[in-house]
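Throw the hints in and build the complete structure from the sequences for me.
Listed in order, the protein sequences are those of chains A and B. Once you know that position 454 of the first sequence is 454 in the working numbering, the rest is easy, because the numbers rise by one and skip nothing. Once you know that position 59 of the second sequence is 59 in the working numbering, the rest is easy, because the numbers rise by one and skip nothing.
Keep in mind that a hint or two might mislead.
Just so you know, same-sequence chains aren't split out, so a pair can sit in one copy or run between any two.
[What the hints assert, rightly or not] In silico lysine-lysine, DSS-like type, Cα no more than 25 Å apart, as pairs:
1. K125 - K252
2. K67 - K247
3. K182 - K122
4. K163 - K400
5. K122 - K95
6. K252 - K95
7. K95 - K125
Derived from the structure by calculation, the hints contain no laboratory data. If you're wondering where the values come from, they're calculated on a predicted model, not measured in any experiment.
Protein chains: 2
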Amino acid sequence: MLKPLLCFLFIGNLSAQELFSEDFIGQVTVLRDKALTDTTAYDITESLTTEVGARLGGSEGDARAVKWAVAKFNELGFDKVWTEPVTFPKWVRGKETAEIISPFPHEIKITALGGSLSTPKKGLKGEIVHFETIKDLELADPSLVKGKITFISNRMQRHKSGKGYGLANGARYMAAKHTADKGGIGAIIRSIGTDSNRDPHTGGMKSVNYDQQTNITTLLKKGEIVPAGAISNPDADLLVNVLNRGKPVIFKYTLGSYWDGEYTSQNVIGEITGSEKPDELIIIGGHLDSWDLGTGAIDDASGCAITMAAAKLIMDSSITPKRTIRVVLWANEENGLYGARAYAKAHKNEMHNHIIGAEADFGAAPVYAFASRVSQQSLPVISKMSELMAPLAIGYVGNKGNSGADISPLKKLGMATLGLYQDGSKYFDLHHTPDDTMDKVIQEEISQVTASWIVFVALAAQYAGNFGFNLNQ
Amino acid sequence: MLKPLLCFLFIGNLSAQELFSEDFIGQVTVLRDKALTDTTAYDITESLTTEVGARLGGSEGDARAVKWAVAKFNELGFDKVWTEPVTFPKWVRGKETAEIISPFPHEIKITALGGSLSTPKKGLKGEIVHFETIKDLELADPSLVKGKITFISNRMQRHKSGKGYGLANGARYMAAKHTADKGGIGAIIRSIGTDSNRDPHTGGMKSVNYDQQTNITTLLKKGEIVPAGAISNPDADLLVNVLNRGKPVIFKYTLGSYWDGEYTSQNVIGEITGSEKPDELIIIGGHLDSWDLGTGAIDDASGCAITMAAAKLIMDSSITPKRTIRVVLWANEENGLYGARAYAKAHKNEMHNHIIGAEADFGAAPVYAFASRVSQQSLPVISKMSELMAPLAIGYVGNKGNSGADISPLKKLGMATLGLYQDGSKYFDLHHTPDDTMDKVIQEEISQVTASWIVFVALAAQYAGNFGFNLNQ
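Right, here's the structure in full:
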């Protein structure tokens with residue numbers, strides 16, 4: 001995976017001397033190293049998780065998070081702080097129970113997938129039909145599924161990059177839809193997660209159709225999807241063990257979740273105004289919302305905190321950023337990417353000033369690699385970043401990088417992006433579960449992440465050229 | 001900790017040649033090594049957790065577990081299988097909810113401590129008064145506690161031996177009593193556990209007074225204890241973070257637990273009859289009941305399975321045990337040690353035939369040490385056991401050992417005991433939580449434990465002498 005790109009690193013070392021003064025690189029180096037023991041990101045994460053906690057889009061916690069974010073930006077001394085409205089359909093979680101009725105009764109822990117409709121109040125009961133993968137369900141003869149509750153037992157694999165998530169989460173996205181299409185009555189999936197706790201992982205599914213062009217949202221009706229929930233890895237193992245006895249397995253579950261009209265939340269934005277090019281923006285941030293089960297410490301209080309802290313530490317240092325650093329805390333990423341799409345829509349005519357962007361949305365564990373998606377001409381800047389990241393044990397992995405989900409609508413509009421890749425080995429133990437809490441954030445680790453963001457932001461704000469607006473990739 | 005006791009090991013090597021034939025030691029060695037890849041213990045654990053699962057004393061699962069155990073002993077081919085009644089007050093868990101009301105609202109996961117009385121149906125609301133340790137609460141001026149909900153935040157420490165448990169669980173035993181004594185209205189403790197999951201740890205507390213001599217049980221009345229629950233480590237951390245803001249913290253919780261008359265369960269006993277001394281008994285076993293939150297895989301399906309498997313493998317081998325191997329699956333250990341006390345009461349006049357005993361009740365992780373509590377004369381046998389355990393990476397740690405809780409009433413009556421010490425590093429991540437499930441049991445590990453029990457049981461059943469009835473220690 002690690003491609004050092006030696007050829008242009010050499011060019012980069014030469015060019016970088018013209019791009020940045022020695023004094024400036026010295027200032028960045030000092031701040032990077034200072035950040036390694038600075039607690040600002042840790043403290044902001046603690047503040048959001050303690051003073052707000054769970055903040056599902058549309059919930060009372062969402063409203064409190066918006067107030068918290070405005071106050072925190074002001075407290076940190078950002079030059080401008082404002083909010084921009086984000087309207088979305090509001091989804092509410094209800095009562096959640098599940099059990100194996102026979103042949104052996106067991107209580108099962110279940111959580112509704114985001115967007116799931118409710119079961120009947122007294123619960124939904126039926127025989128389990130077991131598929132190992134979502135593909136097996138997709139290809140199954142409808143006669144196998146009709147009248148039954150489907151169960152997908154495929155287990156997500158652990159990887160540093162988190163790539164197991166993309167391979168596994170098709171079950172979460174599509175189980176309810178495929179089951180409905182084949183006449184099934186309910187869908188249960190093994191949680192998309194790598195832990196062995198009894199807390200199931202929630203997460204969005206394809207129960208909301210949205211058209212990216214027209215931004216029209218359509219909720220699927222009953223019959224187009226079935227009520228869908230995730231059960232934990234241990235419960236999925238138990239259900240497999242019960243199924244292995246070869247007798248019909250009767251399962252019952254209750255989900256009280258429902259859609260409840262529209263809600264308007266806010267993207268919260270804080271800026272540190274550039275000294276020479278105040279209209280040119282370095283876009284960084286995280287998403288302010290979280291799932292409702294935990295306090296959203298790693299997803300994504302940490303991302304908000306890392307980017308707020310990086311900007312704050314630059315502001316308080318001897319560095320005077322030439323470009324404006326805009327920190328965007330996006331609304332309702334989890335249940336449909338609404339904040340990111342609203343931001344892109346509101347700012348689509350200002351993309352020439354959106355110089356480069358990146359989101360932190362992968363927890364609080366150390367950055368081990370970074371990637372760019374910039375023009376060839378600006379690669380020497382990336383090379384200089386690489387040089388300054390190396391002491392943090394971060395390697396450059398190429399110019400076809402990804403960034404966070406909230407960056408994707410801006411990427412589609414042509415914005416250059418950067419990705420700072422954090423160690424995801426443990427991320428999916430916690431992701432979208434009640435266990436996503438502050439105790440999982442290690443101060444030394446989140447400080448290393450902040451230090452890497454400082455390198456990126458400081459150089460991007462200082463660089464005289466562009467990173468390749470309208471890359472057409 | 002590891003004291004090899006070299007002096008008597010030497011004596012042991014000499015004496016053991018007289019105690020056991022070379023053929024017999026060869027048979028034990030072969031069976032020990034065969035057991036390392038045998039899956040009997042794993043399969044029995046899987047069977048109990050899959051076909052029964054949670055089995056709190058007095059619950060419907062308890063009744064199913066008794067039926068399962070009788071059937072399993074018969075299926076395994078034990079010579080005699082019977083049950084002995086165990087009567088105890090039945091405790092039922094109810095609805096459980098908790099929240100921090102102010103200054104920052106948070107949902108908190110709570111579980112009633114075993115024996116807790118219920119709160120009012122609408123919940124119990126009050127200001128938190130925070131103590132770091134149970135000792136701090138015990139010494140506190142009542143004026144600090146009166147009308148408040150106490151919270152003990154002390155965290156259990158992780159050790160291979162599990163010794164952190166004994167140091168921490170005073171909070172669980174006594175918080176409700178001390179709080180009531182000082183006029184408090186409720187008691188919340190940080191779970192006695194080493195994990196970072198949101199699943200709180202339940203466990204018994206001193207809400208039941210029993211007199212070991214008369215075997216009279218008295219339930220404490222309302223006012224003598226307050227409703228008491230445990231919250232998870234992450235929630236305790238959060239509560240501490242909220243308390244650190246220095247504002248009054250209002251907490252509310254609901255526990256629906258109650259005592260519901262008496263219930264009669266059964267100790268389930270299986271025997272392999274000795275060929276030469278059928279009346280002399282080697283007592284081994286685990287407890288059949290579990291807490292209700294998980295499927296009781298490590299506590300204590302594993303212990304039942306290890307001892308059943310050790311006896312079964314000896315029975316099926318070329319070894320012909322001279323003494324009877326009695327496997328006792330004790331009822332309701334968790335909520336008051338009722339099965340063990342009933343067994344001791346029923347058999348108190350037969351202690352001369354209870355040659356030596358041991359319980360497996362510490363999960364499924366490998367044995368790393370063993371200890372005895374036997375007469376000096378029988379130490380050469382222990383020495384021979386030590387020699388045969390060494391290839392399993394098990395060291396002998398002396399003649400002042402402990403065994404399981406269910407052995408303690410027999411120990412008081414003078415029975416010699418043995419303790420096979422399993423690695424407890426991860427045990428208290430799972431203990432008394434919903435996460436105590438089958439996926440935590442590793443086949444290679446539980447097989448190593450079974451191999452060590454085979455060495456103990458085979459030698460104890462063969463040895464011509466006694467281990468020291470009525471040690472008066």
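> Which earlier hints turn out false for this structure, listed by number in ascending order?
Replying inline: Those not satisfied: there are none.
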